[in-house]
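Respectively, the protein sequence lines represent chains A and B. The first sequence: position 417 = 417 (UniProt numbering), numbered continuously. The second sequence: position 87 = 87 (UniProt numbering), numbered continuously.
None of these hints come from the bench; they were simulated from the model. No experiment lies behind these values; they were computed from the predicted model shown.
Chain A regions said to be covered by chain B (calculated; three or more residues, Cβ under 8 Å):
id, segment
1, 68-75
2, 232-242
3, 252-260
4, 345-351
5, 369-377
6, 382-389
A virtual CB, placed ideally from N, CA and C, is assigned to each residue, including glycine.
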Amino acid sequence: MPRRPRSSSESRARCSGFPRARSISRGFEADDRMIINMGPQHPSTHGVLRIMLEIEGETVLRSKPVIGYLHTGMEKTAETLTYLQGTTNVTRMDYLSPLNNELVYCLAVEDLLGLELPERAIWIRMLMSELNRIASHVMWMATNGMDLGSTSMMIFGFRDREMVLAFFEKVTGLRMNNNYMRPGGVAADLPDGWEDDVSAIVDTIERRVEEYHELLTGQPIFRKRVVGVGIIKPEEAIALSATGPILRSTGVAWDLRRSMPYLAYDQVDFDVVVGTVGDTWDRYMVRINEILQSIRIVRQVVERMPSGPYRAQDPKVTPPPRARIDESMEALIHHFKLYTEGIRVPAGETYAAIESPRGEIGCYLVSDGSARPYRMHIRGPSFANLQSLPVMLRGALIADAIAITSSVDPVMGEVDR
Amino acid sequence: MSGVVRHVAREDWLETAEGLRADGFVMLADLTCVDYLEGVREDLPEEVVRERFEVVAVLRRMDPPAMVRLRAQVPDDDPVIDSLWSVYPGVEAFEREVFDLFGIHFRGHPDLSRILMPEDWEGHPLRKDYGVGRVAVQFKEVRRHR
Numbered sequence: 001m002p003r004r005p006r007s008s009s010e011s012r013a014r015c016s017g018f019p020r021a022r023s024i025s026r027g028f029e030a031d032d033r034m035i036i037n038m039g040p041q042h043p044s045t046h047g048v049l050r051i052m053l054e055i056e057g058e059t060v061l062r063s064k065p066v067i068g069y070l071h072t073g074m075e076k077t078a079e080t081l082t083y084l085q086g087t088t089n090v091t092r093m094d095y096l097s098p099l100n101n102e103l104v105y106c107l108a109v110e111d112l113l114g115l116e117l118p119e120r121a122i123w124i125r126m127l128m129s130e131l132n133r134i135a136s137h138v139m140w141m142a143t144n145g146m147d148l149g150s151t152s153m154m155i156f157g158f159r160d161r162e163m164v165l166a167f168f169e170k171v172t173g174l175r176m177n178n179n180y181m182r183p184g185g186v187a188a189d190l191p192d193g194w195e196d197d198v199s200a201i202v203d204t205i206e207r208r209v210e211e212y213h214e215l216l217t218g219q220p221i222f223r224k225r226v227v228g229v230g231i232i233k234p235e236e237a238i239a240l241s242a243t244g245p246i247l248r249s250t251g252v253a254w255d256l257r258r259s260m261p262y263l264a265y266d267q268v269d270f271d272v273v274v275g276t277v278g279d280t281w282d283r284y285m286v287r288i289n290e291i292l293q294s295i296r297i298v299r300q301v302v303e304r305m306p307s308g309p310y311r312a313q314d315p316k317v318t319p320p321p322r323a324r325i326d327e328s329m330e331a332l333i334h335h336f337k338l339y340t341e342g343i344r345v346p347a348g349e350t351y352a353a354i355e356s357p358r359g360e361i362g363c364y365l366v367s368d369g370s371a372r373p374y375r376m377h378i379r380g381p382s383f384a385n386l387q388s389l390p391v392m393l394r395g396a397l398i399a400d401a402i403a404i405t406s407s408v409d410p411v412m413g414e415v416d417r
Numbered sequence: 001m002s003g004v005v006r007h008v009a010r011e012d013w014l015e016t017a018e019g020l021r022a023d024g025f026v027m028l029a030d031l032t033c034v035d036y037l038e039g040v041r042e043d044l045p046e047e048v049v050r051e052r053f054e055v056v057a058v059l060r061r062m063d064p065p066a067m068v069r070l071r072a073q074v075p076d077d078d079p080v081i082d083s084l085w086s087v088y089p090g091v092e093a094f095e096r097e098v099f100d101l102f103g104i105h106f107r108g109h110p111d112l113s114r115i116l117m118p119e120d121w122e123g124h125p126l127r128k129d130y131g132v133g134r135v136a137v138q139f140k141e142v143r144r145h146r
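Extracted from the complex, chain A is given alone in its bound form:
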């Protein structure tokens, strides 16, 4: 028996429970403003970020980032860990720049302790955080390439980041979540021949940046997708607390390494890279040029690395070397005290801030005099930077939304601390 074609009234009756189906039948013109969700697991949102977009046709009218899918409770956990264990906690926040997270936490603890670091520890920290900045920016180049459809860039980026991670593994024992910087210095000295390794890395990456330029910078399709897209004005960026490449792309030369120097950044030469317009293209150029500036800093560190101890010689803070424990009762006691009880930090509160690859990362630390922080708060740069996303997205196309979100470079581990 041939099947009877279904009448239109019957099909409408079947869909009556779905208001959206009815509005589609009324035609596109009548109801063309709608709200769609990008994410939480969209490949271009760099983690579990959901963006609610109100669109008309293909134009974004309003948008709202929704976070909180990854809430890890870092700040609550920190209250239960000692200061020495604290670095294992904070290093997991921003998985693309773990060493910067450790650095800001250590600076806050050392500020409360009133501890002076030996020169070598300061320069080792500077070397590691700059290498981390290179790795993070290269990783951003990779994911940004992937979002804009350049698979080659993704492969290039991962390949080049691997060199830095291999060096991290040699120094710290781990590729990520290093737990290398500790209050009072660093965990271990640099391995023999580190100068050659580092020089090989920066020489290679400097050459590879030329490849990125060849692949993306001059390429007409790439330029069409980023030039003039997602513009943010300098006063808007400052008002919305945006920092890092977003703020610098608008032409504001604000870099904590230069404005409020920490470590030994006032002793090395580098330029603060700024853009002019504040569009996605400027944010791309700021990051690619920051890789070159970091290479410049790393070269100076290799040349001028001072010798001496790599951690503070204070038995109340630094565990004694293993060999000393066999010969000295004092060393054994200090070792035992440090690993059972932890460092006692004088009561007080402080706020330390550094320039991470994504902007200002700050650590607000309150101590009540015991061996555990009373309160630890991290000001995540991505958390603040996401607020400027609706401003950049207003009036953009959906395809641009991908490019713009990517140019913010959010890392969700840090947003949902």
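The hints should help you fit chain B onto chain A, whose structure is shown.
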């Protein structure tokens, strides 16, 4: 590194921020809260009345670079303070976070809702009397019941 610390009365919170903004402190770097339920505080000046909560804001001036940290006491029985949103729009997410995790209400905030925890969550996890508990996770209890 820490910058200048200023203790501000809760009533003068917004006014102080407006004055600082006029002085060139154009950027709000951070806003957070501390629950001093069980903590000791020796560093408070004499004239400041100690309360359970303390809201802390970090403001920055860009030229010349400077940093100031504002601290305001907020009592337990009336956890309300003015929102800085009209002066620093970038405070929006920070104030929502403090509302979510400490239960402090910001008067004048455009959209004070939970940001990290689910909308129907009860309590404010970063308060000191809120324990580190466990949430039932799907599939996790399977082995126990088998």
